[in-house]
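Colleague: Here is how the chains run, residue by residue.
Number of protein chains: 8
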Amino acid sequence: MAKFKLDEIDHQILDMLIDNTRVPFTDIAKKLLISAGTVHVRVKKMEDAGIIKGSSLTLDYKKLGYSFIAYIGVYLNNTSQTKFVLERINELPFVTVAHITTGKFNIFCKIRARNTAHAKDVIFMIDDIEGVYRTETMISLEESINDKKRLMHYIFKEL
Amino acid sequence: MAKFKLDEIDHQILDMLIDNTRVPFTDIAKKLLISAGTVHVRVKKMEDAGIIKGSSLTLDYKKLGYSFIAYIGVYLNNTSQTKFVLERINELPFVTVAHITTGKFNIFCKIRARNTAHAKDVIFMIDDIEGVYRTETMISLEESINDKKRLMHYIFKEL
Amino acid sequence: MAKFKLDEIDHQILDMLIDNTRVPFTDIAKKLLISAGTVHVRVKKMEDAGIIKGSSLTLDYKKLGYSFIAYIGVYLNNTSQTKFVLERINELPFVTVAHITTGKFNIFCKIRARNTAHAKDVIFMIDDIEGVYRTETMISLEESINDKKRLMHYIFKEL
Amino acid sequence: MAKFKLDEIDHQILDMLIDNTRVPFTDIAKKLLISAGTVHVRVKKMEDAGIIKGSSLTLDYKKLGYSFIAYIGVYLNNTSQTKFVLERINELPFVTVAHITTGKFNIFCKIRARNTAHAKDVIFMIDDIEGVYRTETMISLEESINDKKRLMHYIFKEL
Amino acid sequence: MAKFKLDEIDHQILDMLIDNTRVPFTDIAKKLLISAGTVHVRVKKMEDAGIIKGSSLTLDYKKLGYSFIAYIGVYLNNTSQTKFVLERINELPFVTVAHITTGKFNIFCKIRARNTAHAKDVIFMIDDIEGVYRTETMISLEESINDKKRLMHYIFKEL
Amino acid sequence: MAKFKLDEIDHQILDMLIDNTRVPFTDIAKKLLISAGTVHVRVKKMEDAGIIKGSSLTLDYKKLGYSFIAYIGVYLNNTSQTKFVLERINELPFVTVAHITTGKFNIFCKIRARNTAHAKDVIFMIDDIEGVYRTETMISLEESINDKKRLMHYIFKEL
Amino acid sequence: MAKFKLDEIDHQILDMLIDNTRVPFTDIAKKLLISAGTVHVRVKKMEDAGIIKGSSLTLDYKKLGYSFIAYIGVYLNNTSQTKFVLERINELPFVTVAHITTGKFNIFCKIRARNTAHAKDVIFMIDDIEGVYRTETMISLEESINDKKRLMHYIFKEL
Amino acid sequence: MAKFKLDEIDHQILDMLIDNTRVPFTDIAKKLLISAGTVHVRVKKMEDAGIIKGSSLTLDYKKLGYSFIAYIGVYLNNTSQTKFVLERINELPFVTVAHITTGKFNIFCKIRARNTAHAKDVIFMIDDIEGVYRTETMISLEESINDKKRLMHYIFKEL
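Residue numbers (numbering that gives the first Met the number 0), protein chains in the order written: chain A, 0 to 158; chain B, 0 to 158; chain C, 0 to 158; chain D, 0 to 158; chain E, 0 to 158; chain F, 0 to 158; chain G, 0 to 158; chain H, 0 to 158.
Derived from the structure by calculation, the hints contain no laboratory data.
These numbers were taken from a predicted model, which means no experiment stands behind them.
Treat each hint with caution, since some may be false.
[To be verified] Calculated lysine-lysine pairs in the DSSO-like style (CA-CA distance at most 27 Å, straight line):
1. K61(G) - K148(H)
2. K62(H) - K156(G)
3. K4(G) - K61(H)
4. K148(G) - K61(G)
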């Protein structure tokens, strides 16, 4: 599991892209006193190495009518069904995260829904997947932190 | 809670940006048979309305040495301390998500760490926050799904 | 989900009916300085809009020999059976409330029974419904509050 | 705990009032082939004996903007605080039911709120009462049954 | 459920028998200043009424090699099997008490065994009964109180 | 922990006394073809050795108005308080059994009460003992087995 | 269960071997002022009596790439499968300890694995054993004590 | 965390020592067709590298009067006390293993005791450590597997 070696320039490029993925490479170049071509090459290299896997928009789900967040613990009849059930869960757009976990749950999901009634429908969709034994739901009353940028900055400072 | 009205053009612009936040506005314009200026105006309007809150890089945490993910349930001595504890938690870069939840936990967090020993340190940092009574940890054995794009596409198709 | 608009007069009428559903419309009219016909029209309108769904007697269950109250959490074999099981539960007069819930139970009921032995019979009736996997019972030692009037008055003051 | 003796006529009067508390006594009298005065006397007698404690409107909470229902289990620091805490809970109009219970909770409440954010506020109000140690919340996804009339009819048939 | 009426003399007779079931009736008679025949008649009457159901020796189980006590909670596949399973449990002499209970267990038993290994065998005997789904065991580290005499004396003082 | 040696005659004497503690020694003697004096000596010897600790009446608690049975798990603030709390519990006649246990409870009790309201009072008495942190109650719906005679006969057959 | 009698010399020999199983018998002999032959005879005798069952190397698992330790609670479908499941578990070298336990688990195991991903594989191997109903995992963040020598020395001092 | 490199000869030496730590180096040398000096050098090198940390006797605890095994989960008041509490636990010879763990316990221990009464004493010693909030005990009914040799052989085959 040999880690790709990033140098100081790579860190500074990532540091700028993390805050705004749409910042033009010429702006990055100007700030770091390097050529735009170098920025381009470096980013390409980090994409090829799989360190940068893509970029995503941060939307306001409340404004889009999806203000209900819940965590759902899934018990399976048998762990041999894990892969199959995850494929079915993956077909539900309302599940944004799913983990295989230690502890009492086999799979642990995060869902977003429009409201209580819609959340009930989503939970029932998961419950109805073949191999799912039972589910337990914990509802979010407030999403207080959802921010990976602090961690990214920390990692690049630390490296 | 009147929702901002997005029309078909807005949806198609968002649909393209979701897949790649760095796609040039001229490419979007060409594909949708509108002017690049229109794309710019529309995106600006959605940013002003707070629907687009920003963009973020999707990095490969394993390659960056942060392969350990855990969910931590936090019990407080008293819920009047919730705001104070969340501020302290917000100072830890390893906590990427935190919710106020129903059920047995007061606060529910997601952390990323380098390995088991580092996770122990992060858990102890949370445990040591004043007002935190106890924590319970559930460890991820595999992050099988982490993808908000499916939901975003679904929402824009549905609207 | 557009809400029916109630005006100040409606609120005052409801405020009086909440305390005593049998108060004559002429008394309400006199108090509010409007005609009895107006009261009649307003109440009719609120019934048609579904805001007033009916009225119920408040009886003293202890004096009627039904002093035993319990909450029963029901686990189903599969949530696809929820509707079927609720129909069976609905045939038991001793179940006065039933909810589909988050958390560990699929269905959560409130029952009233004559005594411990009778409660056992009611619990067994629920346990014997096809699709019910297990039940868990929590017994009330004292019903300290059972009063929706405070909430109703609050709502009409707030609107 | 000698029970008040109700005869067949009393049962039939109650049976009619249960379905509609506003039914005129003259209608009851006509149906049961007795005088309206007798109905009046009987009802008065049952009120004096405390069997009829009052009447209440059945409103549609969803239409009034209160569609969120939750059950909240309350742990106290010490049961000697039970009476004090119940008095504080009784000041919150959003709590419609509260029981002293066996099992892990000291007090078990039912609340109605406008939405998730409001429910969080109500839960925090309860959490902040002196003597309350912790609370656990179970959210209703659907109120499937809320009907005491079936039980009342059953009791009068049975007596 | 009309209770048999015991008078002061009955109470005093029971009070003496509770402390020593083998005390001669002539001793009781002398103490209470009544005839031995009266004692005999009274005791006979209480036996016929089913108040006195018998008597039992209090042995020292430790000295008999049975020092291991455990409580076992039994989950059934279905409560319709309760009667059948209790009959099977009743065939195991090591189970001295069994209750149908509220809460998470269907049946709750107390067992006495020779030691850890023997307790394992008894638990497995219960586990192997058809209809038993699972068991949970809680082991006694010390039997600190086992005394019904205080309650009996209390009842007779109170009556 | 050398065990007292009982011979075949002792076993047969105990076997008869277990079924009826009041059986006259002359009856036992006749049945076992030994002298009444021998029975007397043997019983005395077993009492002196502490094997027979006494005898108790088996009363019908339901007929005496004590039909409510519950098991109460007690959590202490600190196990150093165990002895003190057990002494306080021992002052409550309604507690007939108490154990120091493994698992989540520190002390586990069995109580008998008149009814739900009385049980609440007893539970509160235990809750109010200094050093008691919390209690959890499990209610008996039916006492199906309460019989140590089967075990005693088994032991004497086995020895 | 008569215990083999060890004398003072035996204790001293064991005390030396516990600290270093490879210490030459001549060294032990010199230290205890006895002949090497005596040491040999004594050790042989304790091996024959089964008191010494063997010896094992203490390796550093972290240096060997096995730094991940977890405890796994196993629920069986039925305890009659205990023996069969233990035989299957015994085929997995990663399980170093397994117990039949009281409480909620039927079998409780300790495993060592290379990392989180490997631990997932081991857990799935156990989950896939026929008769295993579910497993629950608790992960070690640090092995703070793993030392039987203190107990052995204590035992020999105490004997 | 660079791993020490072991070659095929090292593995074969360890494989022989694992089965019997007292096997003479000359026997190992003969079997592997190398000189005894080479064995000595290799073992010394592995000891210096910390791979071999020592050796221990495998004794039969039952024969030594220590047949009672329990797992004890420890809750702390605060994790900042972890180090202090582990030092206190380390003074108890009856605790042979202790881990800092994820999940509901802060520390998880394995103890060996003479019997139930002794286990109670050991549990109370742990409970009485300053900073320990509560403990929960799970008792072993049978130690079915306790064998690290299979894992060691597996590791050396795999390397």
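Colleague: With reference to the structure, classify each hint as holding or not holding.
Modeller: Taking the hints in turn, this is what the structure says about them:
1. Under the criterion of a C-alpha separation no larger than 27 Å, the hint pairing K61(G) with K148(H) is consistent with the structure, at around 16 Å.
2. Proximity of K62(H) to K156(G) is assessed by CA-CA distance (about 16 Å); at most 27 Å being required, the pair is judged to hold.
3. Of the pairs offered as hints, the one joining K4(G) and K61(H) holds, with about 13 Å between alpha carbons and a cut-off of 27 Å not exceeded.
4. For the given pair, K148(G) sits about 21 Å from K61(G) by alpha-carbon distance, which is consistent with the 27 Å threshold.
Consistency with the previously given hints is maintained throughout, with no hint failing.
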